[in-house]
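Novice: Take the two lone chains and join them into the complex the hints point to.
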Amino acid sequence: DIQMTQSPASLSASLEEIVTITCQASQDIGNWLAWYQQKPGKSPQLLIHSATSLADGIPSRFSGSRSGTQYSLKISRLQVEDTGIYYCLQRYSNPYTFGAGTKLELK
Amino acid sequence: EVQLVESGGGLVQPGRSLKLSCAASGFTFSDYNMAWVRQAPKKGLEWVATISYDGSSTYYRDSVKGRFTISRDNAKSTLYLQMDSLRSEDTATYYCARRAHFDYWGQGVMVTVSS
Chain A
112 DIQMTQSPAS
122 LSASLEEIVT
132 ITCQASQDIG
142 NWLAWYQQKP
152 GKSPQLLIHS
162 ATSLADGIPS
172 RFSGSRSGTQ
182 YSLKISRLQV
192 EDTGIYYCLQ
202 RYSNPYTFGA
212 GTKLELK
Chain B
23 EVQLVESGGG
33 LVQPGRSLKL
43 SCAASGFTFS
53 DYNMAWVRQA
63 PKKGLEWVAT
73 ISYDGSSTYY
83 RDSVKGRFTI
93 SRDNAKSTLY
103 LQMDSLRSED
113 TATYYCARRA
123 HFDYWGQGVM
133 VTVSS
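Taken in order, these protein sequences are the chains called A and B.
Okay, so the first sequence: first residue is 112 according to the numbering used here, each after it adds one.
Okay, so the second sequence: first residue is 23 according to the numbering used here, each after it adds one.
There could be a bad hint or two in this list.
[Stated by the list, open to error] Straight-line distance between alpha carbons at most 20 angstroms, and here's what the computed PhoX-like set of lysine-lysine pairs gives: (1) K98(B) x K41(B); (2) K150(A) x K218(A); (3) K214(A) x K153(A); (4) K153(A) x K64(B); (5) K214(A) x K65(B); (6) K150(A) x K64(B); (7) K150(A) x K214(A); (8) K185(A) x K150(A); (9) K153(A) x K65(B); (10) K150(A) x K98(B); (11) K214(A) x K64(B); (12) K185(A) x K214(A).
[To be verified] A few chain B residues facing chain A, derived, Cβ under 10 angstroms: (13) P36; (14) E68; (15) R83; (16) T115; (17) D125; (18) W127.
[Said to hold, decoys possible] For each label pair, taking beta carbons as the anchor points, the in silico distance ranges come out as: (19) Q129(B) x G168(A): 16 to 22 angstroms; (20) S118(A) x K64(B): 26 to 32 angstroms; (21) S107(B) x I129(A): 44 to 50 angstroms; (22) S85(B) x Q138(A): 30 to 36 angstroms; (23) D76(B) x I129(A): 29 to 35 angstroms; (24) L126(A) x M132(B): 30 to 36 angstroms; (25) S176(A) x D84(B): 37 to 43 angstroms; (26) Q190(A) x S78(B): 42 to 48 angstroms.
Hint data in this document are derived by calculation from the structure and do not stem from the laboratory.
All C-beta atoms, glycine included, are put in the ideal place defined by N, C-alpha and C.
With the rest of the complex left out, here is chain B (with noise of 0.2 angstroms):
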């Protein structure tokens, strides 16, 4: 069975970093692509960043590019996003999923940037 699981979120004020951890299981991790997806409060779904198989590529959504790291470490199956300079505008619920067609998606992990 495929399961994701986030971890590492929190209540952090602004400016300041977090480091959200997603454990892989029940698939070859190193195989797939995977990406972060967020949901602030009440809103939709908003893609973060997406990294490859091999870690080789990475992509990001402008307004968290220079801020956030998309990175894994395949033989940990575990994929992380590194958060620096927190905002209040980053404040959301953030999934981990597995990018072939978004099919598998962690429980999600709340993030909250506030002073």
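Okay, chain A solo, but in the shape it has when bound (with noise of 0.2 angstroms):
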């Protein structure tokens, strides 16, 4: 199985600070990979698919990006909505795989 190591695990940060979450695949996994915003009681919300590609609607402080097996979710100005938790998935192969999550809480 692909594992999707996510890292921090959790994050303070200030509102309109840049913020970075990343997942390194313990594979090849292309550019099959896409980032998820959770709020509690929330079912998840794409934000990111295709490694680089903003989905639908998603504000453009929101940016994803790829190194080799690296890959990063990227806010460039933090808000107040922003808060929650953060999972990136991978979708190469089956079993698909969540990493475990990054909680972003405002400072």
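Specialist: Here it is as structure tokens:
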């Protein structure tokens, strides 16, 4: 199975700060990587797909990048509504695997 | 507007069965592969199963293989998850999702396996 190692597990940042979350894949997964945001009691929302493509309706302050088997989600200017838990997901091969999640809070 | 609405959850004893449904609307259901994802209380997300657009191919995580069956009725735009021989570790909120990037998710349905 492909392991997705997500870091950090938790993060506290200030408004307007730049935030970066990473996922390291245990093997090559190409661009089969997506990022999701989940708020308490809600279902996950797609932010980024295909490693770098912004999902419909998602603010441009969110961006995704890839360097080899390391994937990053960047929030360029943190807003209040960006708090929540972020997950990466690899869809390269079954079983699809999620990262363990990053809890993002406002400082 | 794309909508996915799960139903069928509840409290069930270990070893018993439960069938979840996911009613889809707002898109051509028969064009899309679909999936189930679960989330144990206070835990992360876990992919459970995937089914192809026509139902001809299915995939399961090892821990549910042989116990869970994913299926679909394209005429009714409905996805199913038949869960047999349930265990306490199956306790979770179950989400259906459109497999194209997992771009749309239902609101989730809670399944509690306990005596």
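Novice: Could you run down the list of hints and mark each one as holding or not?
Specialist: Hint check:
1. K98(B) x K41(B): holds, 16 angstroms
2. K150(A) x K218(A): holds, 17 angstroms
3. K214(A) x K153(A): With Cα atoms ~14 angstroms apart, K214(A) and K153(A) stay inside 20 angstroms; holds.
4. K153(A) x K64(B): Status holds; Cα separation ~13 angstroms.
5. K214(A) x K65(B): Holds, at roughly 12 angstroms.
6. K150(A) x K64(B): holds, 12 angstroms
7. K150(A) x K214(A): holds, 10 angstroms
8. K185(A) x K150(A): Distance of about 18 angstroms is within 20 angstroms: holds.
9. K153(A) x K65(B): holds, 14 angstroms
10. K150(A) x K98(B): violated, 31 angstroms
11. K214(A) x K64(B): holds, 12 angstroms
12. K185(A) x K214(A): holds, 14 angstroms
13. P36: With a minimum Cβ separation of about 24 angstroms from chain A (threshold 10 angstroms), the hint on P36(B) is violated.
14. E68: Holds, about 7 angstroms.
15. R83: holds, 5 angstroms
16. T115: holds, 9 angstroms
17. D125: OK, holds: D125(B) within 10 angstroms of chain A, min 5 angstroms.
18. W127: This hint holds: W127(B) lies near chain A, its Cβ roughly 4 angstroms from the closest one there, short of 10 angstroms.
19. Q129(B) x G168(A): 16 to 22 angstroms: holds, 18 angstroms
20. S118(A) x K64(B): 26 to 32 angstroms: violated, 20 angstroms
21. S107(B) x I129(A): 44 to 50 angstroms: holds, 48 angstroms
22. S85(B) x Q138(A): 30 to 36 angstroms: violated, 21 angstroms
23. D76(B) x I129(A): 29 to 35 angstroms: violated, 45 angstroms
24. L126(A) x M132(B): 30 to 36 angstroms: holds, 34 angstroms
25. S176(A) x D84(B): 37 to 43 angstroms: violated, 32 angstroms
26. Q190(A) x S78(B): 42 to 48 angstroms: holds, 44 angstroms
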